[in-house]
Amino acid sequence: MNRRTFLKRGLIGGGILVLGGGTLAVLPTKELATPSKALVVLSPRSFQVLVAVARRVVPDTADAGAVAQGVDALLERAAPEARADFDKLLGLFENALPGLIFDGRILPFTRLSGASQDAVLRSWRDSRIAIRRNGYHAMRRLCLAVAYADEATWPALGYSPPSGLNAIAYDDSKVGAS
34 MNRRTFLKRG LIGGGILVLG GGTLAVLPTK ELATPSKALV VLSPRSFQVL VAVARRVVPD
94 TADAGAVAQG VDALLERAAP EARADFDKLL GLFENALPGL IFDGRILPFT RLSGASQDAV
154 LRSWRDSRIA IRRNGYHAMR RLCLAVAYAD EATWPALGYS PPSGLNAIAY DDSKVGAS
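If you're matching positions, the sequence shown starts at 34 in the working numbering and goes up one per residue.
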């Protein structure tokens with residue numbers, strides 16, 4: 034390919050991306066849940082994306098909004114770089130332009146049907162691109178960790194903690210008494 038052909042294709046491709054990005058940005062993130070308290074780390078948009086992801090990856094017994102709120106609280110303890118990276122990941126996941134390029138979808142993730150969302154999640158999980166695979170696993174693991182930490186989900190999972198688990202008291206008067 035000569036330089037002129039390369040430049041033409043590059044300009045045409047760039048123009049398509051700009052037009053596509055402008056067109057695909059028309060539909061905003063769909064509001065799926067209202068945070069029960071002020072968000073500390075997640076932006077409102079990222080919170081909605083995480084609610085949509087949680088609806089697809091956690092058991093039906095868990096409240097997806099509460100899971101997203103729990104992830105926000107968990108991220109509060111993370112390094113600032115990790116917080117920023119996770120927020121960028123959720124923005125990339127929601128954005129329809131990368132969705133069009135990689136998955137052939139023209140809608141933001143939050144506006145897709147459940148079956149289409151599952152297909153996008155599988156696409157990220159099975160991607161040859163490491164950042165997509167790692168991003169999928171980060172979102173899924175954080176959602177599952179928060180969901181399974183909630184005692185309200187335990188009975189539906191068939192887990193019953195040993196009796197008296199929460200009744201164990203720590204007696205600090207014996208520390209250093211030897």
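FYI, nobody ran anything at the bench for these hints, they're computed from the structure.
As the structure is a computational prediction, the values presented were derived from the model and not from experiment.
The beta-carbon is built from N, C-alpha and C at its ideal position, and this holds for glycine as well.
Hints may contain errors.
What the hints assert, rightly or not - Computed spacing ranges between beta-carbons, pair by pair: (1) K121 <-> R158: 12 to 22 Å; (2) D93 <-> S156: 14 to 24 Å; (3) G191 <-> I139: 34 to 44 Å; (4) A117 <-> A163: 13 to 23 Å; (5) S156 <-> P61: 14 to 24 Å; (6) A106 <-> G191: 23 to 33 Å; (7) S193 <-> E114: 35 to 45 Å; (8) L140 <-> A115: 42 to 52 Å; (9) A189 <-> P61: 29 to 39 Å; (10) V73 <-> D183: 15 to 25 Å; (11) P188 <-> A117: 33 to 43 Å; (12) I134 <-> D183: 15 to 25 Å; (13) D151 <-> L125: 27 to 37 Å.
Against the structure, the hints come out as follows:
| no. | hint | result |
| --- | --- | --- |
| 1 | K121 <-> R158: 12 to 22 Å | 19 Å, holds |
| 2 | D93 <-> S156: 14 to 24 Å | 23 Å, holds |
| 3 | G191 <-> I139: 34 to 44 Å | 41 Å, holds |
| 4 | A117 <-> A163: 13 to 23 Å | 19 Å, holds |
| 5 | S156 <-> P61: 14 to 24 Å | 23 Å, holds |
| 6 | A106 <-> G191: 23 to 33 Å | 26 Å, holds |
| 7 | S193 <-> E114: 35 to 45 Å | 40 Å, holds |
| 8 | L140 <-> A115: 42 to 52 Å | 29 Å, violated |
| 9 | A189 <-> P61: 29 to 39 Å | 34 Å, holds |
| 10 | V73 <-> D183: 15 to 25 Å | 18 Å, holds |
| 11 | P188 <-> A117: 33 to 43 Å | 37 Å, holds |
| 12 | I134 <-> D183: 15 to 25 Å | 36 Å, violated |
| 13 | D151 <-> L125: 27 to 37 Å | 19 Å, violated |
In this structure, the earlier hints numbered 8, 12 and 13 are contradicted, and the remaining ones agree with it.
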